[in-house]
Each structure stands twice: as structure tokens, then as C-alpha cells.
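Asks: Sequence:
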Amino acid sequence: MIRHSRLYILSIIFFTLLVVVIFSYIYFLKATKQEFIHNNYEKQSLLLRENLHNMIDAKQKATLGLAITLAQQDKQLVTYLQKRKIPNNYYDDLIYAYANNTLYKNIWIQVLDAKGISLYRSWSKRHGDDLSKIRKDIRTVLKTRKPLMSISTGQFDISLKSIAPVFKEKKLTGIVEVISHFNSIAAVLKKMKVESVVVADARFKKQLKYPWTKIFIDEHYVSNTSVREELVEYLLKHGIENYFNDSYRVENGYLITSCLIKQNKQTIGVYIMFKKLTDITSSNIDKFILKWLLFGVFIVVLIAVVGNIGIYIILRKQKKYYKSIIDTSGNIVLTNDVERITDVNKAFFNYFKNYKTFKEFLKEHSCICEFFVEEKGYLQKEMDGVNWVDYLLAHQDEDNKIKMNINGEIFYFLASASQISESPLQIAIILADITEQEIYKHELEERTITDPLTGIKNRRYYESRIQYEISRACRYEEPLSIIMFDIDYFKQVNDIHGHDIGDKVLVEYVELISSMLREIDTICRIGGEEFIIITPHTTKIDAYKLAEKIRKEVAKAKHILPITMSFGVTELKECEDKDSMFKRADKALYEAKESGRNKVVLG
Numbered sequence: 000m001i002r003h004s005r006l007y008i009l010s011i012i013f014f015t016l017l018v019v020v021i022f023s024y025i026y027f028l029k030a031t032k033q034e035f036i037h038n039n040y041e042k043q044s045l046l047l048r049e050n051l052h053n054m055i056d057a058k059q060k061a062t063l064g065l066a067i068t069l070a071q072q073d074k075q076l077v078t079y080l081q082k083r084k085i086p087n088n089y090y091d092d093l094i095y096a097y098a099n100n101t102l103y104k105n106i107w108i109q110v111l112d113a114k115g116i117s118l119y120r121s122w123s124k125r126h127g128d129d130l131s132k133i134r135k136d137i138r139t140v141l142k143t144r145k146p147l148m149s150i151s152t153g154q155f156d157i158s159l160k161s162i163a164p165v166f167k168e169k170k171l172t173g174i175v176e177v178i179s180h181f182n183s184i185a186a187v188l189k190k191m192k193v194e195s196v197v198v199a200d201a202r203f204k205k206q207l208k209y210p211w212t213k214i215f216i217d218e219h220y221v222s223n224t225s226v227r228e229e230l231v232e233y234l235l236k237h238g239i240e241n242y243f244n245d246s247y248r249v250e251n252g253y254l255i256t257s258c259l260i261k262q263n264k265q266t267i268g269v270y271i272m273f274k275k276l277t278d279i280t281s282s283n284i285d286k287f288i289l290k291w292l293l294f295g296v297f298i299v300v301l302i303a304v305v306g307n308i309g310i311y312i313i314l315r316k317q318k319k320y321y322k323s324i325i326d327t328s329g330n331i332v333l334t335n336d337v338e339r340i341t342d343v344n345k346a347f348f349n350y351f352k353n354y355k356t357f358k359e360f361l362k363e364h365s366c367i368c369e370f371f372v373e374e375k376g377y378l379q380k381e382m383d384g385v386n387w388v389d390y391l392l393a394h395q396d397e398d399n400k401i402k403m404n405i406n407g408e409i410f411y412f413l414a415s416a417s418q419i420s421e422s423p424l425q426i427a428i429i430l431a432d433i434t435e436q437e438i439y440k441h442e443l444e445e446r447t448i449t450d451p452l453t454g455i456k457n458r459r460y461y462e463s464r465i466q467y468e469i470s471r472a473c474r475y476e477e478p479l480s481i482i483m484f485d486i487d488y489f490k491q492v493n494d495i496h497g498h499d500i501g502d503k504v505l506v507e508y509v510e511l512i513s514s515m516l517r518e519i520d521t522i523c524r525i526g527g528e529e530f531i532i533i534t535p536h537t538t539k540i541d542a543y544k545l546a547e548k549i550r551k552e553v554a555k556a557k558h559i560l561p562i563t564m565s566f567g568v569t570e571l572k573e574c575e576d577k578d579s580m581f582k583r584a585d586k587a588l589y590e591a592k593e594s595g596r597n598k599v600v601l602g
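Numbering (numbering that gives the first Met the number 0), first residue to last: 0 to 602.
Heads up, some of the hints might be wrong.
Label-pair distances were calculated between CB atoms; the ranges are [claimed, not checked]: (1) 113 - 448: 34 to 40 Å; (2) 443 - 594: 41 to 47 Å; (3) 75 - 374: 42 to 48 Å; (4) 135 - 554: 48 to 54 Å; (5) 89 - 575: 38 to 44 Å; (6) 113 - 89: 16 to 22 Å; (7) 372 - 448: 19 to 25 Å; (8) 228 - 516: 50 to 56 Å.
20 Å max Cα-Cα, derived DMTMM-like pairs, lysine to aspartate or glutamate [stated by the list, open to error]: (9) 557 - 502; (10) 205 - 194; (11) 204 - 217; (12) 60 - 462; (13) 204 - 218; (14) 380 - 369; (15) 114 - 168; (16) 400 - 374; (17) 402 - 450.
Calculated from the structure, these hints are not laboratory results. Yeah, the Cβ is synthetic: ideal placement off N, Cα and C, and Gly gets one too.
Please model the complete structure; the sequences and the hints are all you need to start from.
Replies: Following this line, the structure appears as C-alpha cells:
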């Protein structure tokens, strides 16, 4: 009897301690989970601000390139500036081409005289006002006579401005300004499931005499045209001033990230981004839940084994409950023992649709690495001489991406791993689907290095590619040559036949020349009618022969219009820098044109 009483008391003590441990553990899980969620939101907010700054920077540089090109290459503009009269539709064709072939759907172009007085606005018939009195950036360009990028609020809008001076015989005759808006940036972010509200500081309300969108939140002008009315009403209700900062907040089911728009340390406005909490990747939270729930199961199971079989049965049910929690995740969650997968969640079968059960998958595959696509920047089966799972464990603080080809369909994942037990070794792996973000990122990157008219690479791509080829040629002591060329009297083609025919000539002859190149050669458009070909493993003699062959074919082809081309050829000397090599080819091209054109000159 006494023995039974002691066992009864010990059982009560055991179960009481077990209940205390379980409730303490649940409290710990809740507190730690909230910390993980906060850190995840903070990381997402920082990423949104970084992406925004990168897109603004890329857009400013692209429009500055256009402004400089117009200032230096548009000779007709100089004539109009001297007459102080520019036709109302002067740049309509250029703006239309940009809207149809680039990300920039609504650029504006403004031309000012040498005193800062507006002579032409592509978006308005208003002109004659002195902008030097109200805009510091105009005064700066007039004073320094150098190109400038700025973000400012004018009489019409808050916008990104790229300004370039126009000279004739070293005398300042005026200014060309290319103005772009935040709408294209908002459109890219919307594809990434982020909505935008771009707001100007209240002190600019009087300056905005002709507001483009006519949308205001109290005294604050709203710049982007695609803004949702519900977001405007929400900011009005909660006080727009509360969002003028570089921070984030979680409200109304959104992660709301504010990013101040500044110019010379002065706040111009704020870019406010709204992302639904349901669209935020939760890989860290999933990893946390998986790791600690499995750890909790392991501890409680151990206590049950020490205690009695009854508790063990209860905890088996609890493990199924934990498994059901993991199955609710939208991310792929799997456990691995380095060599093989040991378990997966339900989301796994949303991607591997050819398999109904985990057992069916294991009959044909032992590792998801069999589906990896070999591509730079993504995890491979072996990384730095170690298995990909070991690599993930050793680089948990990095963004490790995986590209997979699953039944002919390409997916991108953000991967993370955590060891959840040592004996037997079990590793939890979380794969968060980032396919949509990666596709938009690749599209954006490709557009920034591709010439929209001809489809070949542009000046930006040339600068990075030639640096790579020079490094490679120096390392392996191999020859490297470049061929610079342009179309003779191309301005006459545009003046006589029009820009449409000029564009067709560029496209047609680029196709002809491209067909004559090797796969390892790269042709780039570096100016209006100016091109360059990078020819690896090629001496200047062989490059000269190739240029001569191209010259003859072009002269003989007479596609659309009969034209000729001039060429400058040079070879890399003693691992010189890319600028020296470029200048030598440019000088050779100049000599070819000065000596009668339709020639190839070695430099």
C-alpha cells in the first residue's frame, strides 16, 4: 500500500514538473518567435530601401546619359538655341521611342538658354520663365558648366532631373534637361507586390503652380499617378507627417516602409512603400519553428522514455501536431542527413508535382540537388569543395540562392539550413520561393545593359566586359584586340531620309556585322552611330583583316541605303588600362575618317 502511495506521489510530481516545463517552453517559444518576426520585418524594410535607392540611382544615370548625348550630338539644337526658338514637337519622336522601348514611359525634356530661361517643355506649352531664380541645380550647372543629377520639386512635379550644358565652340549656349518620374519605379515595385506613395514636402506646395497629378494629402503633393485612393485616405487619416522618416511600421496588415528623398542633405519628400504581411518571405520564422519544435519534441520524448510509456504515446500525437504546423508553411521545409532527404512538408509537392508521396520521390531521387541548375551566383551540388548542405550550414548569414529546373520549369529559392540534432544527424532546410523577384531582377539587369534599338549590348556592358577580357588576357598571356567603327556621314542619312530610316539602317547593318562574328566576340553600341567589337584571342593583324572584311561587306550590301564605314583597330599592350586602349582605337578611327573615310586604320 505504502509502495503504491509513493509511486502515486512520484507520478504527480513528475507530471507537475512536466507541465511546468511545457508551459515554460511555450512561453519561451512565443517570446523568441516575436523577436524573429521583428527582425524579419526589419530586414525586409532595409531590403526595400536598398532596392529603391538602387533603382533611383540607375534611373538617374540612364537619363543623365541621354541628356549628355542630346547636348553633345544634337547639332540642330544648337541652331535653335541661337535663334531662341524650338519647335513644339521637337522631341516627340524621341520620347515616343523611349516610351515604347524602355522602362521609362513618361520622360520630359526641357531646354533652357544660357541664362536659365525655359525655351521649351515637351509636356507643356509654357515657356519664358526664369528657372535660375527658383532652382539651385540650374544655377549650379550655369556656374560650373558640368552635367548634374538631382531630385527636386519644380512647378509641375517632384522628379529626377539630369541636366547637361550645351556648347558651341566652347561657349555655353544653353541647357538640356531630361526629367523622369517615380512612376516606372513604382511599376517595378508593384510587380514585386509592393505599392507606392511618393509625397513631396509641404513647403513646396506654393512652388507647385501646375501640379501634374493634382493629388494632395493635406499640404503634401502626391507624385505617382498610379497611387491607390485607399492608401491616400489611409495616410490622410493617420497623419502623413508621421511617415516622414527612414523607418518602418506594421499597420493594417502591411509592412509600411518610409524612405526619405533627399538632395544635398535637404528633405525633398518621402517614398512610402506598402507590402502585405502575407507576401513577406517567412523562411527565418519557418526555420525557427521547425528547429525549436523538433527540439521540444526531442526533450519531451526523452522525458517520456524516462517516465513511462503512456507519456510517450501522448507525445507521438503531439509530434503529429507539430508536423501539421510545419505543413501549413508556404515554403518548402525538408530534413536532410547530408546525403539524403529524410522528410518533407506538403509545400514540397506544390513544386514536385509528378510525385504523390515522399516514397515515390525517393524511388527516383535521393537529393534535390539533382535538380540544381549550374549557373554563377547560385548554389551547386558542391561549393568550395564541400557538400551544398555543409556549405549552407557554414554560411547561414549570407543570402544563398538556388536555381532549380523541375520538370522543365525554372524556380528560384532562398535557402537556409540549421542543424536540429547530432545523433542521428538531422538538418532542417527551408526553401523560400523568390522566383518572381529573381525574374524581375534579371529583366531589369538585362535592360540596363542592352541597346533598345539594335538589341546588342550597350556602353555600360562594354565597360564591364572589356575590363574582364583585359584581366583574362593578362592572366593567360593571350592577345586581345578591339575594333571601333561608325557609319560615314550618318547625320546626312537622318537629315535627308529621317530618323526612322536612320534607325532601320542601324538595325540592318548591325545584324549583318553580327552574322560575321564568332560566338566569343562581343559587339556593343557605344554612341549614336558608333560601335565597338571586342575580339578575344585575336592579334591586331587578325582584327584588321576582320575589320577589312566587314568594311567590304557593308559597302557591297546596300541594305535600305548604300553606306560605308570607317574603322579603328588596336591591340592590348602590356596589360594597359581599358581607357588607354579605347583612346588608341578612337584615335585610329579619327585618322580613318580624316583620311577620306571607308578605311581601316591600325592604332
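Asks: All the hints need checking, so say for each whether the structure fits it.
Replies: Hint-by-hint comparison with the structure:
no.	hint	in the structure
1	113 - 448: 34 to 40 Å	holds, 36 Å
2	443 - 594: 41 to 47 Å	holds, 43 Å
3	75 - 374: 42 to 48 Å	holds, 47 Å
4	135 - 554: 48 to 54 Å	holds, 52 Å
5	89 - 575: 38 to 44 Å	holds, 42 Å
6	113 - 89: 16 to 22 Å	holds, 18 Å
7	372 - 448: 19 to 25 Å	holds, 21 Å
8	228 - 516: 50 to 56 Å	holds, 53 Å
9	557 - 502	holds, 15 Å
10	205 - 194	violated, 28 Å
11	204 - 217	holds, 10 Å
12	60 - 462	holds, 15 Å
13	204 - 218	holds, 6 Å
14	380 - 369	holds, 8 Å
15	114 - 168	holds, 18 Å
16	400 - 374	holds, 11 Å
17	402 - 450	violated, 27 Å
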